[in-house]
Structures are given as C-alpha cells and as structure tokens.
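Enquirer: Put together the whole structure using the sequences plus the hints.
There are 2 protein chains.
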Amino acid sequence: MNMNALWTIRSDKFVNEKESIMRNGNVYQVANGYMGYRGTLDEFGADELVGITLSGIFDRVGDAWREPVNAPNGGFTQVTLDGYEISALTTPVKKHSQWLSIENAVFSRETEYESQGKTLTIQSTRFLSTDTPNLGIIKFSLTCDKNARIKIRTGIDFNIWDLNGPHLINVKAEKEKDTLVLHAVTNENAKKIAVAEIIDLSFGKETHEIKERKNLRVIELDAESGKTYTFNKYFAVFTDNDPVTVSVMDSAINCVKRAKDRGYEACLKEHNAQWATKWETCDVKIDGDDEAQLALRYSIFQLLIVAPVRGTGNSIPARALSGQVYKGAIFWDTEMFMFPFFLYTYPEKAVELMRYRIKTLDGARRKAQTEGAGFRGAFYAWESQETGDDACTYFNIGDPHTGRNLRTHFRDKQVHISGDVAIAMWEYFKITGDDLLLLEGGAEVILECARFYYSYAYFKKDKNRYEILDVIGPDEYHERVNNNAFTNMVVKATFEIAMAVIGYLKHNHPAELDALIMKIDIAEELPCFAEAAELLYIPQPDKETGVIEQFDAYFKLKEATIEELKAQKIHPDEYMGAGQGLAVPTKIIKQADVVTMLNVFRDRYSTEIKKANWEYYEPRTEHGSSLSACGYAMVAAEFGNLDFAYRYFMKTASIDVEAKYKVYVGTIFMGGSHPAANGGAWMTAVFGFGGVKADENKVTIQPRLYKKWNALQFTLFYKGDRFAIKITQKAVEIIANAANKRRHTFIVAGKSIDCSPGSTYTIN
Amino acid sequence: MNMNALWTIRSDKFVNEKESIMRNGNVYQVANGYMGYRGTLDEFGADELVGITLSGIFDRVGDAWREPVNAPNGGFTQVTLDGYEISALTTPVKKHSQWLSIENAVFSRETEYESQGKTLTIQSTRFLSTDTPNLGIIKFSLTCDKNARIKIRTGIDFNIWDLNGPHLINVKAEKEKDTLVLHAVTNENAKKIAVAEIIDLSFGKETHEIKERKNLRVIELDAESGKTYTFNKYFAVFTDNDPVTVSVMDSAINCVKRAKDRGYEACLKEHNAQWATKWETCDVKIDGDDEAQLALRYSIFQLLIVAPVRGTGNSIPARALSGQVYKGAIFWDTEMFMFPFFLYTYPEKAVELMRYRIKTLDGARRKAQTEGAGFRGAFYAWESQETGDDACTYFNIGDPHTGRNLRTHFRDKQVHISGDVAIAMWEYFKITGDDLLLLEGGAEVILECARFYYSYAYFKKDKNRYEILDVIGPDEYHERVNNNAFTNMVVKATFEIAMAVIGYLKHNHPAELDALIMKIDIAEELPCFAEAAELLYIPQPDKETGVIEQFDAYFKLKEATIEELKAQKIHPDEYMGAGQGLAVPTKIIKQADVVTMLNVFRDRYSTEIKKANWEYYEPRTEHGSSLSACGYAMVAAEFGNLDFAYRYFMKTASIDVEAKYKVYVGTIFMGGSHPAANGGAWMTAVFGFGGVKADENKVTIQPRLYKKWNALQFTLFYKGDRFAIKITQKAVEIIANAANKRRHTFIVAGKSIDCSPGSTYTIN
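So the sequence lines, in the order shown, correspond to chains U and A.
Under this note's numbering, the first residue of the first sequence is numbered 27, with each subsequent residue one higher.
Under this note's numbering, the first residue of the second sequence is numbered 27, with each subsequent residue one higher.
Read the hints as simulated data drawn from the structure, not as lab findings.
As the structure is a computational prediction, the values presented were derived from the model and not from experiment.
Hints are not guaranteed to be accurate.
Treat identical chains as interchangeable: a pair holds within one or across any two.
As a list, the in silico EDC-like pairs of lysine to aspartate or glutamate whose alpha-carbon atoms are at most 16 Å apart [what the hints assert, rightly or not]:
| hint | residue 1 | residue 2 |
| --- | --- | --- |
| 1 | Lys-39 | Glu-138 |
| 2 | Lys-144 | Glu-214 |
| 3 | Lys-584 | Glu-397 |
| 4 | Lys-745 | Glu-374 |
| 5 | Lys-487 | Glu-550 |
| 6 | Lys-456 | Asp-669 |
| 7 | Lys-734 | Asp-316 |
| 8 | Lys-489 | Glu-550 |
Expert: Structure (structure tokens):
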C-alpha cells in the first residue's frame, strides 16, 4: 500500500461526533462508478450515514423526492468482546487511524479498543473493484492482547440510511449454502435488486441470524492473546439495470463466489492494475507545492471513482456517489465542469457522459412539451435521473421562516442546460475527432436543443433581434431575468453548432443526415436556426467600462455587500434568492455568471474585457456555489492575477479533502462530495495555469505557471492521440506518444509546432 | 335637512372603540372634490384619525411612502364643563346620534354628555362647500341643563394624523385680527399651505391660545341652564395648487371672511343648490327595494363627493379622500370602475379624470423609459400622484413572517394600466362625441400608450403572432404571467384605438394630426400598430368548454379552494401572492380577471362564452378586491342569473355604507372608502340590470330587471344630450330631454327607436 503522503488521505484520530462522522463519510468514500461506499467504519449503521449509493437506479416513495437507491450494506461487520459490543461509538478508543489510498481507492482503518481490561485491535481494508464493478471486497482482522471470547457478526445490513426512503420493499434475506443473500424490489418500478455476501473463514464456529434488519453470520471463537484472526469478505450488488443473463440473485451469488475463488490478493491486483492505467493518463503533477498536489490529485481521484461504468450510459450526479443528496441527479455541473477533464484525459468516460444525454433525449423532449405553455425540441432536465424527466421540484428550497418550500425556477427557467449539453456534445466531436457519437444520437441531441431554443426565443421587431426571456442564468439568486449574457451566448452557440453539425454531416454522412432530418422532421426549421444565430441579441461590453451586464437592468439593482446581506438574515439557513430573498434586489450574485461565460467562450473575449468583468463582478459574488471559484481563478490566471488564481484554485481543489463546505441550503441537507469543483480544479490547473485551449484544428498552450510551482505535468488526449505535457517556469515540453496516429498542431507561446508521433518538443 | 331614510345614513349610538371610530370616519365623511373631511366628532384628534385629506397635493418624508397631504383641522372644537374636558372618549355619553345627509353631504351629530351631575348637549352640523371648494362650515351649539361654567376651545388643530408624515414643516400659527391662521410648507417641495378660521360669536369672552399643536380661541361663558349657545365656524384651506392671485394665506383669510359675511344659511343654500343639480342627473331610483336604493345612492354619493374640482386636472384616488391609504394614488380603478358613471351622468367630471391622464403623460413617459430595460411611449403609473411618476414601491406589501416588505410587481408588470387609460379616453370621445379632449392631448395619450405596448410586445416568429409577456393581470395573485387574456385584449384594443384616432383625425383635423405626428415623431411606428393589432395573440375560448385560459398555462395550476388556502395560513395577514404566497401555485384568483375582460369587451363575446367563463372562474375567485364582485354581477345579469347578480350587486353597493371591508393587506393598513366599488355598483345597476350598452352610433337597452324591483330609473348623457330612462318589469320608457340638440338611436329589446328631443318613448 502506497503510504506516500501525496497519495494518501489520513486521519489519526476518531472524533465521535455526528458532524465529523458525516464529513468523513464523504472524504473517505470509495467508489467505482457503479456504486459509492461512504467512508464509514465497519460497525456503523444508518445513523452514521453508512451508504452504498448505486449509480443510475432511482426510486420514489410517495410525494417525497425521487432519489438514487442505496443498497443494503454487504460490508457490515461488528465484534463482541466477552459479551460486550465493540463500536467506535460506544467503546473507548485507544488509537485509531484511517487512511484512503487515492492511488487505488482503497480505504483502511485500524482501531484499538479498550474493553474489559483488554485491548482489541480491528483492522480492515476495503475496496470496490474497478474491473468488476458490482463487487466490493473487505479484508477484516482482529487481534486481542488477551484471551477473549469473541463474537463476530458480519453480513448484510439492510437497515438502510435513506433521505426519502424506504426504497426497497419485499425484502427477502436468507442464507443460501455459504452465501448470505438479500433480494428486494424498488418501491416505484419494482426493479429487482440482489445482494450476496460470502467470506473465507478459517476460524471459529459460524451460525446464521437475521436480526434488526441484518442478515448475519455469527462467528464465535475463543481468541488467543496476540493472535490475529483475518477473513475476507466479498459482497456484490446487482440490479435490473445490469445486463445479466441469469437472475440478479444468481448473478450476485456467482460474482461473490468467483471473487472468493480468485481470492483477495488476485482481485486487488487486477483492481490496482486498472487504477495504474487511470493515473497514467489522468494524473496532474505539480512539482514544488505538495499541498496543491495533494488537493488536485484528490480532486482527480474523486472524478475517477465516480466515472460511469462503460456501456451503462450513466452520468455523474452533482454529489457524485456520496449519497442521495440533490436526488442523485445530473446537473449542468457534469457537462460544464466535469466533462472537460474526461474529454482531455479519459475520453472513454467522456463519451459515456454524452451517451447519457442521448439516452435521456426523450425525457428532455417530454419536458419541453410540458413546461410552461409547451415548447418543441429538447429541454434537458435541470436535475436529471435515469429517464431524463426532471427530478427538480418547483418547490425546491426550504424556507425556515414558514417551514414551507419555496417556489424556485431552477427547473423551468434554467434553460441554459440544453445548450450546455449541445456544447459538450460538439466539443467531444471537435476534440476527439470521433463522429460516431454524432451519428449515434449526438446530432439529434444538438438539433433538438436548437429547436427548443428557437421555440423558446422571441423576436423583438423594433430592435430586429431575437431575445431570450425569463430565464435563470448560473447566478441563481436572480430568477426570471431577460437576456442573461451567459444564457444568450449558450443559445447562440447552440444555433451555431446546429448549423455546424448539419454542415459536417452534409459533407461526410449525407444519407445519415437525410434520415435524421426526416426522422425528427426538422427541415423547415433549419433556416430559422441560422437566422437566430445571426440575430440573437448578445449583451455587449459597455463601451466605457468593458463590463457586460449580467442581464437586462442588472445594473439598476441596488449595490450591497455580501456582509450586509448576511447581517440582515433572520435565520442562518434562509435562502437569499427565490424571488423574495435578500440578494434579489441587489447586485450580489450567488456564483460566477458573466465570468462563467468568459470561460466557456474564452476565445470570443479579449483579456481586457475579461479583466474588466472579473474586477466588476468578483466583489459582488458570494461564491455560494462550489462551481464559482474556479471560473474566477481561470479568468484571473488569464489576465495575470496569479495570486488570486492560486487562492481560488486551492479553494476549489481543497473542497472535498477539507470537507468544510456548508451542508444546508435553506433547510435542505446537501452534504456530500463536489465533483464539479473537482473538475474545476483540474480545469484551473490545465486551462488556467497551463493555459491549454484546444479546438478542432489545434492545441494552444499559453502557460501562466504559478510562481511556487517548478513544473506542471499532465496528459492530453487530442483527436485520439496522446501527449504528455510538462510546463516549467522556463519551458514547455510536449511528448507525442509513440503510438499516436498522426501529426497535430500545437501553438505554444505563439509558436506553431507540428507534433509528430513519438517526438519530443521543448519550447522555451 | 332631509331625514328621509333613503337619503340619510344614521347611527344612534356611540361605540367608544378605535375600530368603530375608524370605520365611522369613513362612513360619515363629507367631501367636495377639493378635500375630504372624515366623519369624526368635533372634539376628536389625530388618535381618532381625524383627517382633512387634500386632493392633488402630495408629499414625502424620507424614504417613507409618498402620500397626500392632510390639512390642519380647522373644524376642531372642544368643550370644558366646570373645568372638566368633555369628550365622547372620556365623558359618559347619555345619548348620541349622528347622521349624514347624502342629499347634500351634510354631517350632523348630537350628543348628550353627563358630567358633574349636569347634562351637556352638543350639536354640530358640518359641510364642505360645493360651490367654494376651499371652504368648510360648521354650525356648533351647546346646551346645558343646569347653569355651568363653560369653556369652548375652537380653532385649528395642527396635530395632524399622517400615515407617513409629518408633511408640513415651518408651521406658523397665529391670530390675525379675528382670524386664526396657520401657514406651513410641505416637506418635499415646499408647497405653501394656509388654513384660516373665523367664527361668528355672540356670547362669552374670547382669548387666544396656542397649545398642544392647536391654534385656538378660548371662549369662556357662564351658560344658563337650558339656553342654547350657537356659533358658526368657517375654515378654509389653500395651497400652491390653487389658482390664487394673492398669497395662499390671504386667499384663505378672504375666503372665510366672505363666507362669514354671507352667513351660514346663505352658504348652505348655494351648496344645496349645487347638490340638487348633481342628483338631478346622477341619481338612480330603485322602486321596490329600499335597501338596494340606499346602498346604491350612498355609492353614487361617494363618487359625487370626490369628483375632482373643475379645472384642477385631478382624479380620484383608490381610497378617494377618506385618508392617505394607498398613497392617495390613482389606479386603474378610476378609468375602469368610476369613469363610466361620470361619463354617462356627469361628463364634466369625466373629462376632468381624462385631463388628469393628459397632465401626467410626461410622468408615464418617464416611467416607460426607466422601468426594466426601458421602453418607449407611455407606461402609466400603477399608483399615480400629481406628476404621474409611480408612487408604487417595488416592495409594496408587508410580510408578517419576516417583518420585511415583499417584492411585488404591481408597479412594473401591471401594464394594462396604459390601455385602460387609452380605452377610457376613446370611450369619452365615442360617448360624448366631443373631440376637443383628443385634440388637447387625448390623442397623444392614446398614441403614446400604443407606442408603449409595441415597445413591450414580442413577436413569436414560429407562431406568427405578437405576445404580451411577463405581466400581472387584474388577478394580482399571479404575477409575471404570459399572455394574460385581459391584458392582451386591452393591448389589442389600444392598437385599434390608435388606428381609429388616426383615422378620425385624418378626416376631421388633418393639420392637428400632422402636428401631433411630428411632435412625437411617430410616423414610422403607425404601420406597426396596425400589424400588431392584427397579429396580437388573444387567448381564445376552449373549443369544448368555452373557457378562456386566464394566462399561459393557468390551466396547469393546482386546483384548490379558498377555504383550503386560508386554512394553510400561518398568520392571518399573510398575503397570498407575491411569488411565494399560498395562491400562487393554484388556480385561486384574487379577483375577476377573464370576467373583467368579458365586461370591458362585452360586445366581443357571446352570452354562452360569458356564462361558461363565469361558471369556471367564479368558484376560483376569492373576491379579495372590492373591484371583483361587480364584474361577476354584471356577467351573471347578462346570462340570466339575476339572483347571483343581485347578491353581488348588494355586496358591491353596500361596501362603504356597511364598512365591513378588511383593513389590512399583508401588514399594510388600507382602511378607507371604495370608490371603484361605488362605480361598480352604478355599472351593475345600469349596465347589468338596466342592460345599457352604448357605442358611437347608438344606445342599446336590454333590460334584465331584478324581480324585486318595480322600476329602475336613471339618467344618461349621450353625445351631449340627456335622457331619462325608466325601466319597469313590463316596459322601457325613454324621455329625451327637450333641450337635446339632435336625434339619437336607441335599440330597446331589439327594437330601434329614433329619439327626438323632447319626446317620450315607451317600449313594452
């Protein structure tokens, strides 16, 4: 196990407080794209927020929020010493360490308990297999310093922590030969789910018990002093979502049996091999700044553990797999903040994210038809689950003054989501050069998004322009605004992309294009898209100041400081938006909005304009969203305020490892990990400090390395080929992988370089 | 004095409670268009809401609401008996009567007090002169049943009741020879105001005192048992708004001196003569239903007392002159609910109301330029004061949960106000036939309103139609809706009227038209108005049900009952709109909306459609505005539900005489009179039950007399000529005044009658 401090998160104490247990559950979680396992101790249960959150399977109970299903915990183990239950919650802890290897996503703990004058040491190591995503494996050991009567209860805990459960009904728990099994169905759609658990036991006497919603083996032994007793535990989760050929139950049983047959070490070895491959292309090395290195690497780790399993067409929720917060839903976070990381380092995951949007296109069509007075095209869900129907409620934030939920317009007015999807789809094509995705639904997604926007747009005859009215931009404190600069740019880009995809397909896949146009009956609308792209109003920089007005009449809002607003709060959890919030009449914004636009469309604005807007908006930004800081950091890097850029880079990169984030919005619990910030950290490092920018023709590198850093190293995938980049204070080194298929143009500090396969280029 | 029960409001007890005193202050008020004097007793002060509210003069203190100025009370008189202050608030009242003659707007009170074993009777009679609007006159008498030492303090009380005062500063009170005088200026614009008071005293010994913000005569006398001591009191108020040739102070002094010289009886006689003239054309007689008769007559009385003084260009505020509530502002209430009464019975007041909108056109232009991202044309103030700038605040309703004010969109989104003005302006021309108003600014108002709407409208290209987005219709619970049926119809009508006014002027006043077009530089826009009139989207009746959707997606809102919503209230004063209110997500509406449209545009919809919409919307209407019931009553009358129509007619007509209205919206005090409901009562009688409908070519009468009523009699002015109409259960009688200038077409029950001057027509 790699105990290198730059690859390990470690804590050497146990704080017996709910808050600490909750935050550690996020920090120490492991995941494998199929499921996430919160970083809780073996003996913990629902009260400690133990959770095995599954990707892509959702359920609803009554009128409560629809959310992902948490699986029964096949990793449960609890020990009794001389008749006394041992638990970090109730037993004196002499020593405790826990550590997470981010090299291979393995979580370990070692705890010395004191009870009845004896010292019991429990060790365990846990990972969710990367090569077999249904599988989790735990090595569990115990040692007592004196002879003792030990009872181990281990098995499947189906007393599940749910925010809005219980999601599993008709639960059947039993023991089938050597295997503990559990079968249940989801409440809403009767999706089957099965969990199996098996162990390799070489000591004690085992019996079976089902008690307190736990399906357990009870292992009794007389432990000898100083002797370590170890067993390995294999558990698997299968659902109807898995492409199984036998029943989910049999699949789970087969899976754990096969794993047990192969054994712990063999399984771990394969797991590690896959992790090594991941890091080979995904790591970013910062030489000279260990703190930044660890934070950034942990951020990348967070993205890697939740990247969807190949072929599932799943995506990454806003709180990843750290629990059911935010309904396990996929937001624009994925396309705008996480997707670039995958696109440039791990394109086989990027394509999965895009396939998710293709899979949910019908849901987006349904949403368009049913929102407001009805629209055409694809209006993607603000909070998207497996079908693409919107999980976002119209009343989405609790009001502490009345106990009611506030009407927010996240769902119906945050229309930029469709364009965010279209932009990512097109970026995928531009950067990978792979048009298969377009043919397999990507082009259809883009055209339906453009169609939605045309259906949403209004024409202002006396100004001869299209406008986009009544929206929420990224700054959610100001709802229902007109001509939000970011949104309008996203819409314009979508129309342009629609034109571009038509142009591309016309030349390269005319038959497929014809079929698509026929299929979605869109021929007549295409000229409208061209006109709208041309005549859409885009708020322009003020001639004097260069500042772009965030939306119509934003400049007329009241000046205020964030401190003033906070001082006016009557209740600490009161939300500052939703029409009547304290920020609404003021210029205070929740998060980067114009500045997000300057990043997403960074080619279209000069450095001067970026600086002017950054300076105007930064003091007015609460950064009340974890998506905010990275945008300001990237723009600051671009115009040369590297100290600020670094500070906000660190803020972004450290969010999950430090876990000091707020856990309530209004009265709603929202604790969990922040994959969008994780992606923002990567973007700030590579796009911000690295100065990387790419389009369909070239990769540009305009480095702006932070003074503390000796070198910044990362990998880029571009058009299917791979490059290792090393930026120092003096030079940029590009190593084109020997396996690359063709030459590519790099522009480094203004110099054009034609990078041939297998060659190394150093530019001073 | 007319003590006829159908001409008198009377109460024979005094209830010593704040609430009762406040409501009686409204019920018993007298006014003369220049000022209103609340129905309080002579000895009352600011705590009892004594108020002399002036028309057309406004002031603001700090950030508080701008509101009309209350004048110092020149009518104050208070008596001391043997050293004990006598007041209905503190002295035992043996007997008390007060009555208001609605024949001539004279308020009287008679009170027997018991103090020191003696009975003191105080009588007073008060009126505000109709022929001399600056003048108020009070006859005050006292009688003691035993000899007593009496001290009378009478004069000018300048301890003024203000909601958001004090508005008068630099107050100078003194006695100048026989006259008490007071001079002050308003806080905001230093407008001068003067009050003078004089009495004709024939007993006692008078000294002068200024004490507790009162400028007083102190009259001491030894009253003989059983002897009545009477004096008359004349007070006058002048401000910079008056067209005075000498100072306001001298004007006030001259005014009271002249009045005193003429004497009480002479002044009252002239006052009465003017009142007789008013009633001659304005009264509506209901034979067979005294209750309805009194309520309707009282409603008409309320309108007559507040009708603006000729030549002032003032209008009627939503709470008339009963105080400073609603900022003394003029709303759409005036054009849509009060104006028809004046138009058909008292056109010289109707023209004054219209001149007010011409006078405030520049304010409407300023509002258009400054609201939102800025518009062209005239966006009339939602709450209009003397300049036409909007007195409506963006935060207009108190939230009892937080103590903050709620953001409402009354000011910026209730755009129908401009069209309401344009429609009234055009109605004035159509019904009076008088085009002078058009030439003197009316046409300009209409064109600027159309210009505003064109600037506000958006074109939906894929639907080939204009839409009116983001508005509030009459139903204020649903803010920021799209394509509100009422609003869209008002906008369409405004475009049509703009075309019509252009057409009319082109034929009749081409030079004036050219000058106007040049002046406001509108030539290029005129074709747009025609196009917009044609292509504006108007929500149509559903093909199956006939119901017109109130606004886009209204039908998707939640069903609820008013009782359900009220039961959910946490605080009784909580407002049900403003974005987060309980009614917002539901179909519950505050007041008639579609039904208001069906009334205003009653020619354009069939009876079946009216019935269908009435049946759909009535159970969903809270009638939370006093403007609501009359609309439902009129539509019900039209399709034959006369019982309902009668019930809602009575509800509307009784509102001010019964004074049972709610006095808080949110946490804001809004007690006062309801001139819009008063106008609604008249409309329901004449348009609803009388079935009167007129356009530029004819007057139609399609009577639907309520079963209880033997006859309904009223006067109509039409094209400058006058008609007395009598409707019985069997016949309609039309008497064309002998002084009429020409013949007019009446259509009665489908029959066309050519009414010649001086003739009487009876149609069975």
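Enquirer: Work down the list of hints and note, for each, if the structure agrees.
Expert: So, going through the hints one by one against the coordinates:
no., hint, in the structure
1, Lys-39 - Glu-138, "within (11 Å within a copy, 87 Å between copies)"
2, Lys-144 - Glu-214, "neither (49 Å within a copy, 85 Å between copies)"
3, Lys-584 - Glu-397, "between (32 Å within a copy, 14 Å between copies)"
4, Lys-745 - Glu-374, "within (13 Å within a copy, 82 Å between copies)"
5, Lys-487 - Glu-550, "between (22 Å within a copy, 13 Å between copies)"
6, Lys-456 - Asp-669, "neither (33 Å within a copy, 73 Å between copies)"
7, Lys-734 - Asp-316, "within (10 Å within a copy, 94 Å between copies)"
8, Lys-489 - Glu-550, "between (25 Å within a copy, 14 Å between copies)"
The structure does not agree with the numbered hints 2, 6 stated previously, though it agrees with the rest.
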